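One-letter residues, chain by chain:
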Amino acid sequence: MNEIKLIDDHLFGISDPADALLFDAMVILDNTLPEKIVWQQNTHTVIQQYSRKRLKAELDNVHQKLFSEPRHKRFRQKILNLFLNR
Amino acid sequence: MAQQNDFGSAPAQREQFFINLYKKAFPKVAGYVSKMGGSFDEAKDIFQDALVIYYEKLAAGSLALHVNEQAYLLGISKHLWSKKFRENVLQTDLDAAFDTIETEQHQPSSIKLMHYLETAGEKCMEILKAFYYDNLPAQTIATLFGYSGIRSATVQKYKCMEKVRETIKEKSLAYEDFIE
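Read top to bottom, the protein sequences are chains A and B. So the first sequence is residues 1 to 86, counted in my numbering. So the second sequence is residues 1 to 180, counted in my numbering.
Source of the hints: derived by calculation from the structure; they are not laboratory data. The structure displayed is predicted, hence computed values, not measured ones. Do not rely on the hints blindly, as some may be mistaken.
[To be verified] Simulated pairs of lysine to aspartate or glutamate, DMTMM-like, Cα-Cα distance not exceeding 25 Å:
1) Lys163(B) with Glu35(A)
2) Lys171(B) with Asp8(A)
3) Lys163(B) with Asp30(A)
4) Lys53(A) with Glu166(B)
5) Lys73(A) with Asp41(B)
6) Lys23(B) with Glu69(A)
7) Lys5(A) with Glu126(B)
8) Lys73(A) with Glu15(B)
9) Lys169(B) with Asp8(A)
10) Lys78(A) with Glu69(B)
11) Lys123(B) with Glu3(A)
12) Lys53(A) with Glu15(B)
13) Lys36(A) with Glu162(B)
14) Lys65(A) with Glu69(B)
With these hints in hand, go ahead and build the complete structure from the sequences.
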């Protein structure tokens, strides 16, 4: 688990000097580490893509509620009026 | 990785947070898009993209809270609108130039990978989202996901990172063209 954290700290540029030194030594000694760093970076990209997709679904759900539920009728009317007669 | 978001963690809190933002800022954005000749659907798309940008900045702690959300969201939306307008002009030219090229019908491997993670790995992806994207405090994540404390939530975060990293590696090599 510590290795995952060390890679994270390295990727985010938040390693403290002692850990940075340890990490540099590990990269030299463990030839599987450079590949793990690349895959962990890729994983962060995938986490961001996944999270954006989830956030967009959440926002879409909010939009649907605002433009369908009776309690938001005044708000809805105010917006829809902006697009009338166009 | 400052933690200063206040958009809540429970689904109902988050929903209320977004409803409040919508009510504060969407009328101005919709008014602007309408004035520029855009449609209701275009206003929705622009505003939701602006909300994603705003959310990410808040989560990353790179935006002071309550710094006139309305003005900020309107500013991003105006920027996105002008960008979209420029791209539409470009797109029209490209369409004209390449209209004879057939679109290849296939499912990109990255979509397959995402689908796999959304189904088989959803629990881990949600934990990783909470830590890395929403940037929620570890204690909040522990409560949200039913862990006994910060330590077990953090251990789970690293276990999930290792598991998902291995899955991505395995699937990507199987799908070959994931890393484009």
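Status of the hints after comparison with the structure:
1. Lys163(B) with Glu35(A): holds (15 Å)
2. Lys171(B) with Asp8(A): holds (22 Å)
3. Lys163(B) with Asp30(A): This hinted pair holds, its Cα atoms lying about 20 Å apart.
4. Lys53(A) with Glu166(B): holds (22 Å)
5. Lys73(A) with Asp41(B): Between lysine 73(A) and aspartate 41(B) the Cα gap is close to 18 Å, so the pair holds against 25 Å.
6. Lys23(B) with Glu69(A): holds (14 Å)
7. Lys5(A) with Glu126(B): holds (18 Å)
8. Lys73(A) with Glu15(B): holds (18 Å)
9. Lys169(B) with Asp8(A): With Cα atoms ~17 Å apart, lysine 169(B) and aspartate 8(A) stay inside 25 Å; holds.
10. Lys78(A) with Glu69(B): holds (20 Å)
11. Lys123(B) with Glu3(A): Given pair lysine 123(B), glutamate 3(A) holds - Cα atoms ~22 Å apart, limit 25 Å.
12. Lys53(A) with Glu15(B): holds (16 Å)
13. Lys36(A) with Glu162(B): Holds: lysine 36(A) and glutamate 162(B) sit about 10 Å apart, inside 25 Å.
14. Lys65(A) with Glu69(B): Holds - the C-alpha atoms of glutamate 69(B) and lysine 65(A) are around 21 Å apart, at most 25 Å.
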